[in-house]
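Q: Read off the chains here:
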Amino acid sequence: MVHPSMSNPFREDLVSRSRPEACTVVIFGATGDLTHRKLIPALYNLAVDGELPPGVKIIGFARRDKSNEVFREGLKELNQEVSRNGHDEEIWQDFENTVEYHQSEFQDADGYKRLADRLDAIDVERGGKGNRLFYIASAPEYFDDILEHLKGAGLNESSEGCWSRVIVEKPFGTDLPSAQHLNKVVNQTFEEKDTYRIDHYLGKETAQNIMVLRFANAIFEPLWNSRYIKQVQITCAEHLGMEGGRGGYYDKAGALRDMVQNHLLQLLSLVAMEPPTDLSADGVRDEKVKVIRSLRQWDTPELVAENVVRAQYTAGHVHGKSVVGYREEDRVDPESMTESYVALRCMVDTWRWSGVPFYIRMGKRLPKKATEISVHFRSAPNVLFNATPGDTDEGNVLVIRIQPDEGISLRMVSKLPGTTLRLEPVKMDFHYSTSFGKGSPEAYERLLLDAMAGDATLFARRDEVEEAWKFIDHIHRGWHESDKGKEPEMADFVAGSWGPEAADDLLEKDGNTWRRL
Amino acid sequence: MTVPDNAAMLGKEVPVEKIERELRILWEADEARTNASLMNLAVYSEASGALHVNSDIIREITREHACRALLIGLDKSIEEISVRAWITAHCHLAHGRKSVCCEQIAFHLTGHSRGRFRNTIFAHLQSDLPLIFWWQGNLSSMFSESLYRRIDRLVIDSSAWIDTAKQFEKITEAIRQVNLTVQDLAWTRTYHFRLAIASLYDDPTASKSLKNVSKVKIVVNPEHKVSGIQLLAWFTEMAGWERTQDLISDKEDSGSYRFLTDKGSIVDVELSEDVNSAAIGKIEVISDGVTVCVSREKGSKHLRHQLQCGGHELDLHGPADSDSSAELVTDQLSRGGKNSLYKKILPFFLELLGK
Chain A
959 MVHPSMSNPF REDLVSRSRP EACTVVIFGA TGDLTHRKLI PALYNLAVDG
1009 ELPPGVKIIG FARRDKSNEV FREGLKELNQ EVSRNGHDEE IWQDFENTVE
1059 YHQSEFQDAD GYKRLADRLD AIDVERGGKG NRLFYIASAP EYFDDILEHL
1109 KGAGLNESSE GCWSRVIVEK PFGTDLPSAQ HLNKVVNQTF EEKDTYRIDH
1159 YLGKETAQNI MVLRFANAIF EPLWNSRYIK QVQITCAEHL GMEGGRGGYY
1209 DKAGALRDMV QNHLLQLLSL VAMEPPTDLS ADGVRDEKVK VIRSLRQWDT
1259 PELVAENVVR AQYTAGHVHG KSVVGYREED RVDPESMTES YVALRCMVDT
1309 WRWSGVPFYI RMGKRLPKKA TEISVHFRSA PNVLFNATPG DTDEGNVLVI
1359 RIQPDEGISL RMVSKLPGTT LRLEPVKMDF HYSTSFGKGS PEAYERLLLD
1409 AMAGDATLFA RRDEVEEAWK FIDHIHRGWH ESDKGKEPEM ADFVAGSWGP
1459 EAADDLLEKD GNTWRRL
Chain B
28 MTVPDNAAML GKEVPVEKIE RELRILWEAD EARTNASLMN LAVYSEASGA
78 LHVNSDIIRE ITREHACRAL LIGLDKSIEE ISVRAWITAH CHLAHGRKSV
128 CCEQIAFHLT GHSRGRFRNT IFAHLQSDLP LIFWWQGNLS SMFSESLYRR
178 IDRLVIDSSA WIDTAKQFEK ITEAIRQVNL TVQDLAWTRT YHFRLAIASL
228 YDDPTASKSL KNVSKVKIVV NPEHKVSGIQ LLAWFTEMAG WERTQDLISD
278 KEDSGSYRFL TDKGSIVDVE LSEDVNSAAI GKIEVISDGV TVCVSREKGS
328 KHLRHQLQCG GHELDLHGPA DSDSSAELVT DQLSRGGKNS LYKKILPFFL
378 ELLGK
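If you're matching them up, the sequences are chains A and B in order.
Numbering-wise (this note's numbering), the first sequence opens with residue 959 and increments by one.
Numbering-wise (this note's numbering), the second sequence opens with residue 28 and increments by one.
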């Protein structure tokens, strides 16, 4: 297939990214929150910025009976509320005309045949270009049905010179066997190169900046190893609990499977990966998967107990408001053994990271919302300034703030002004919002464009997903399949605090402490 | 010594040798504010009253681009050599939270002295940050190699020039000598037109029709003819067409051009001026059965993208480039880059300009 940028001379030098191609985007689960709050506003904002290729059509596929007009009205209502670029009626009118609704049950083969006819008609209208992007944003239990019916209707196949791709939303399974099953079903329908497993954390500006920070700045990479780095911490704190009926889903998933398996292990792999040979999708993902594969497996209950802490919050106060404990939350089992908090000590068994612990913690009902990575460098030798009694021996800390207040800071030691020699830590701080007034595009905007352009760099590959599940499953088994009385403890902590004491102990064993956020 | 009108609006007047000290005092007085800077942005003008206008422009630009701004106003009509300076800060709420401020130093110079002009600028740059130099109006004798050698990016607006060809000689010389990165606002005004044309030619039918183009029509506002010629130079350069003089001798002084495609067919181009047009009003490319048209109504914030092929049609709206110089500079700073495409089309543009 000839890439349009090759056949279109006007593309030369115009933009430094793969060019997204005109296509029809079919969203399964079109009446859901994700479509209304994220996907449609993302596509609309691309249109506002002139990034959406002309000729893109959007079809919302869902079960409820709706007309195009009612569907569009609902989308417009929410777009006015959440759109990053505001709502421009003139652009919306054009955009809205590209959106249609397709009513069908997910299990109804006839609905997919009608969809195929509809897509063919759109292709003719568009001049014969039959690119299709299927976005599966439905509840996970429908993934199999949708994929199988897409295949049944021949929609997984593309005509010559065109493509047919699928974007799959998380969760990619609930454990290794289910992920393998899902991957099998996906790959029976679409080739791996046409499969885009979305992890919106990878679309965030600061996550993309990790590689730039590491590999475009000569000062960091020579220090980026066990010789100079003592520990790495990845924290994802949320102040919210189980609002909006989220308890039903969360109590089945838990912090480990909901956040660590995907988002936080992805961040870890970006921090720990070797420099890729090039910036191609597989060049980057080859290096990322090596990191996940190198994680030391906590595959006995004893190792799990030693290296992983799970906990639930009890009633407390967050942002000045009283909140109930996890087991009292709406739609949560009062005897639930699902963790709302998890802290892990991970070891990446590679030459570069030998002996360096990577700590990950994720929790609900912590004091504030913050996701960040902190890289803690070893202290300078205990001579000269560090030998002075009472002075700090804290090493340098490089912090990459993923959200909110995206930015990077570097802590270093400085002399306090005065006639005596006293040292204190100071911070050099870079805030995206301060330096770049223009807001970054939403993660979904970047990821949707990448999928239209055939660039899978920021999407998870099959082996990444499965290796991550392998690591997570060992821990899960340690928690839930150990002999009675031998299972690792479920700790608790007061909502609004920074987690259980056991999590502090986890670091203390290595002589470390959690960074105060 | 002359005083610019409303000098108080430029901030606090300070002795030139104490600028840095006074800036420090300014920041120490208010700890609640964050001083941010990613670049040195110098704005130079020889027009009277430009300092105030440019101070307002800097207020707009600093909403998105934190910088140290240096405004330089030169009054060459006065022989007496003098320099006065004012400092102030432009503060904005970043995402409704933190007050982010950028400092501004305004200089008013009189008399003619290249060395003093350069030294005044270079003595007040923030170290390690790039120098973006926005030169407003014609490039005077102050535009010298020892100045542009130290500029990271030069912003000009060739639409505002008198004797455009002569001015471009200075630019091409600067590019030849130091490979200067040039951001021409006349070129920036064509950005969304170029994007729109490129995206319409992603269509396979339109793409195929490129080899059968018979006519191209471009409509510009007379004040922006340079942008129209740059757009034409880009289009023809990218399409791989060559200019030919055949059979158009009777139209030499008009906006008519004739090109040969790589297949040897002839394309006539008509560049017309209309006072009621937007800066660039339209580019329409006509080939056998396919018409690609991007147009803009005067005052509209949107471009209209139209494609008419035998079997299908497209009619959409997309973003347009701003009419405000401040916003064009803001957009240009966001895009960054070395502007290699501009350098690529420059020789061909100059050939068309000198027709």
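Simulated from the structure, these hints should not be mistaken for lab results.
Watch out, some of these pointers could steer you wrong.
[Stated by the list, open to error] Straight line, CA to CA, 25 Å or less: simulated SDA-like cross-link-like pairs of lysine to any residue:
no. : chain 1 : residue 1 : chain 2 : residue 2
1   : B       : K365      : A       : D1236
2   : A       : K1015     : B       : H329
3   : B       : K238      : A       : E979
4   : B       : K235      : A       : G1412
5   : A       : K1385     : B       : K103
6   : A       : K1327     : B       : S126
7   : B       : K328      : A       : V1082
8   : A       : K1015     : B       : K238
9   : B       : K103      : B       : R48
10  : B       : K235      : A       : P967
11  : B       : K235      : A       : C1120
12  : B       : K325      : A       : E1047
13  : B       : K328      : A       : N1043
14  : B       : K365      : A       : I1168
15  : B       : K235      : A       : S1116
16  : B       : K235      : A       : V1082
17  : A       : K1326     : B       : L120
18  : A       : K1385     : B       : C118
19  : B       : K365      : A       : Y1390
20  : A       : K1151     : A       : A1239
21  : A       : K1385     : B       : S64
22  : B       : K235      : A       : D1081
23  : A       : K1373     : B       : R48
24  : A       : K1467     : A       : T1308
Q: Please list, smallest to largest, the hint numbers that this structure does not respect.
A: Hints 5, 7, 8 and 9 not satisfied by this model.
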